[in-house]
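Protein chains in written order, with this note's numbering: chain P, 1 to 487; chain L, 1001 to 1134; chain E, 2001 to 2494.
By construction, these hints were calculated from the structure, which means they are not laboratory data.
All C-beta atoms, glycine included, are put in the ideal place defined by N, C-alpha and C.
Since no wrong hints were added, every one of them can be taken at face value.
DSBU-like cross-link-like pairs, simulated, lysine-lysine; straight-line CA separation at most 30 Å: (1) LYS299/P to LYS160/P; (2) LYS158/P to LYS2373/E; (3) LYS361/P to LYS158/P; (4) LYS160/P to LYS2373/E; (5) LYS299/P to LYS361/P.
Taking CB as the label site, the calculated pair distances span: (6) GLY2361/E to THR1080/L: 40 to 50 Å; (7) VAL1031/L to ASN109/P: 53 to 63 Å; (8) ALA2380/E to PRO227/P: 28 to 38 Å; (9) VAL1031/L to LEU2297/E: 33 to 43 Å; (10) PRO2448/E to GLU157/P: 19 to 29 Å.
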Amino acid sequence: MSAELLLALIPLVPILAGFGIIAARARPNLREGVSIAAGVILFLLVATLATTIDWAAPPTLVLAEPFPGLSLSLTPEPLGVLFALVASLLWPITTLYAVGYMRAHHEQNQTRFYTAFAISIAATMCIALAGNMLTLFVFYEVLSVATYPLVTHAGTEKAKRAGRVYLGLLMGTSIGFLLLAMIWTWSITGTLDFTPGGIFGDEVSNGVLGILLLLYVFGTGKAALMPFHRWLPAAMVAPTPVSALLHAVAVVKAGVFTVLKVSVYIFGIDRVGQLAAADWLVVIAALTIVLASAIALQKDNFKARLAYSTVSQLSYITLGAMLGIAAGAIGGGLHIAMHAFGKITLFFCAGAVLVTAHKSKISELNGIGRRMPWTMGAFAIGALSMIGAPPLAGFISKWYLFGGALQTEQWIAVGAIVISTLLNAAYFMPIVYAAFFREEDPGHGHVEHGEAPLPIVLALVTTALFTILVFFFPGVPLTLVQQMAGG
Amino acid sequence: MIEIPGLFNYWVVVFLMMAGFYVVISQGNLVKKLVGLGLFQASVFILYITMGNLSGGQAPIVTEGVFVYSNPLPHVLILTAIVVGVATTAVGLALVVRIHEAYGTVEEDEIHSLDMADEETPREEDNRPGESRE
Amino acid sequence: MTLLDHLPVLVVLIPLMTAPLCVLVDRPRASWIMALAAAWLSFASAIALALTVATSGTLTYQLGGWPPPWGIEYRIDTLASYVVLIVTAMAALVMLFAKESVAREIPERRIARFYATLMLAFAGLVGIVATGDAFNVFVFLEISSLASYALISMGRDRRALNAAFQYLVMGTIGATFILIGIGFLYMMTGTLNMLDLAARLPEVSDSRTVRAGFAFLTVGIGLKLAMFPLHLWLPNAYAYAPSAVTAFLAATATKVAVYVMLRFMLEVFGADFSLGAMPLDLILMGLGLIGIIMASLVAVFQDDIKRMLAYSSVAQIGYMLLGIGLASATGVGAAILHIFNHALMKGALFLALGAVAYRIGAVTLGDFAGLGKRMPWTMAAIAIGGLSLIGVPPTVGFVSKWYLVLATLEQGLWPIAVLILIGSLLALVYIWRLIEAAYFGAVAADAPEVREAPASMLIPIWILVAANIYFGINTDISVGAAMQAATMLMGDGG
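Please construct the entire structure, taking both the sequences and the accompanying hints into account.
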């Protein structure tokens, strides 16, 4: 099929799935089947696009032209295709996980849940394939609104308040900073198309660009750069499948993806390297990495610890983008994929523990490895990937990031990567140790239980396997990202 | 200083306008407000009509031997404006009658305190006397 | 002359003639049908008008065959056809909605006269836009205003009476100021035809009379516009009026006043005089900004949702005034565009509120608890309308914000751009209070059973909601016409 048709189908499939889910609401198995089938089809479509695309002449699909000279269009480029591959691969797996989770947890409003999920994935696909900043912004906002019902799924007072922080921070930054930056860019350059090497000519001063860069990066609230990171721990009130796919993969990656796209295609890697503001952002990203890891160390709530770990890991990507050299951008782009596989595994495990053992605190996890060997085994693999140990995915991206930081002699960045690696080990390894090598504590409201439900175990084993596989077969992500940085 | 008698009509206009405006603002009685409004509008009528008068001008009816007529257009405009003023006063007075039916008073401060009391202890939805619910 | 030649006056005459018919027939159902037919016929004429103007340029019509500047002339140019289209479209949709709503809120014996008054207000509003004669503007302004006072007073709550009275007093003062302003202009130029005035004013524009006339006109129109601080009549009037009336007036009355401001300030006086020699640009920018921030802040604390949206309207008008005050083609174009977009947004929101009032009887924040489940379509409409108000893409609100921010950045006024975006964030706060109440609130145990609104209400609501999204994506018509009108106004400059 033609490339344009592929581009049109990719967002269309999840939207149609949304309708299908609503139509099938009376029959849960059929309803979930629609989700999974759509996910598989979507991944096949994206994979087809990735393998058949002619990078010299990529296809473009114009959806509409709301402003004269500015259209809503989809134009794939390497980083976006990588992002789309990861998200579309993980959607059906997460749906499988969600089946186990939502049913074991007897959750209400499941139709609303799966429908909002589908719409969020559609928005994510459009973000990934966006051809210009306007398209990215429009679907970025749609994603914020579409994920709100997912975050506030529980419908409790606590969920409502978390929803306020979530939407308040995300919309506040996007309307207050990102929109301003975008319109300003348009008025200066007359274009918002993603162009390798950037769209600003030499006549635009570095001072103006510096302010714009700050507006863009702080305006991307989904990248969870401090001090606008609070929405991520607040969003943990959502059911774990939401935390897993959206807040380990789709939403947060949309954020750092935006930061990378802006730095590579709006400013251009070289131009970023010349800006003093970028150096400041490197410092802020470094601070976020270390501070968030330090906070994670103190959190006893399982999901909270994972949330702060995510905040920290996201800033690796922001750091890479702001280094101003190709290696940084490559490392950042790779980390989008690597971190996704690792983190989703970790969240899957947290949810499995919640649903099976009804435990949400790390201090309660002693000896749980014996009852849930698959779950905690996968957790160990995911944790090692986060730390960056070979032979796991996280090692590759950390390698590039570290190399990039050394190359630019930004010692703060180097220091942050080193310290956070140590901190990662400090807050992940004790969990693994306690799970396998400590005795169980019968006091804590203990429940007799075995391994998690089968769909859950299948999902987390699959993602853990990917974490290992990607280390040995990094070809696809690596070539894509190198193309982005070089081309 | 010599101009002041020549601008006599404008002085009258300004005086009436300010008097009417003051009555609207300062009086609490709704009927008196309408009186002030009428004064205010009357001043504008006088403004228009007097501006149409030419020195030495005759009434604008075609007559033999008369060459300077006062401008008839302002008169026509003011007829329209007077009708509008009459309609406004009529609507205003109708509202005052209904307010009196509903509140029992036409003093602004009393109406205000009755509304405040309403907010403390809410009454039924349709609290208009003389209404028939469909 | 064919029917098409009479179009400019037909749009005004059709509702004007329907009004006495409604009174004569005096039966609720029949008068509704006549009003509905009149509104849709007017809308059709407006579409024909817009198409004709788009292809063959400005249409003129001489009343009674008397040539201007002695006779009264109707001139329909791009801007006028745009606004007439908006007013007639809103009337047509509100009429659809009105059948059930009015039957519930107005006593049966008054319904026929209600529709007659509504037709009068409608005719008056269209007349203001269609005419090319300054005094005619005053006459139609008073026709529509008087009808509005009567309409507002028909609300169920007895506070509607006082609200109507306050509006009457303030509105009459405003209209009289406009009359004074027109009188001063006539004094200096001897003509009342707006085109003729535009030609003759530049020579006498230095005189104090013309400046005084300018000032009076600005204040008078500002009062009708609900420009801060002359907006005090609006919250009460919108809150206590019958639902259909609020929806109609919110979408049309203040917009027509914005049109009058554009016409007088930019065409009659000319952009160079108004925005250059006189400090109107600073005044409009300043008062517009204050209106945006203050009204949005007050809206956050309102419990009565109609009141909250009324303050929101004051803020939105602030945006339009800001656009005009920026004194550029983009700014004025953004303001004209917002006339269209705001009518769509507020029309949808107030109609949806009317549906809620129809089922529940009141619209305070507490009444909204749990409404998301019981009236899903209505609440979804409010949610989308709310997102449009905030300015989230892909709605019309986003397009308006885009052009407004673009206009400020073009002039290098980035602090104002920041303030505009803060206004959006304030809108986020007050809209989200509503959304939270509807979707998170638990239904009270003793709350009566509530069904979804009837189809006759949902259809016009959802037409407007769909328009919100459609014109947010496909902006050729709305933006194209607005920018064209703006360039004509700013370029010609009198």
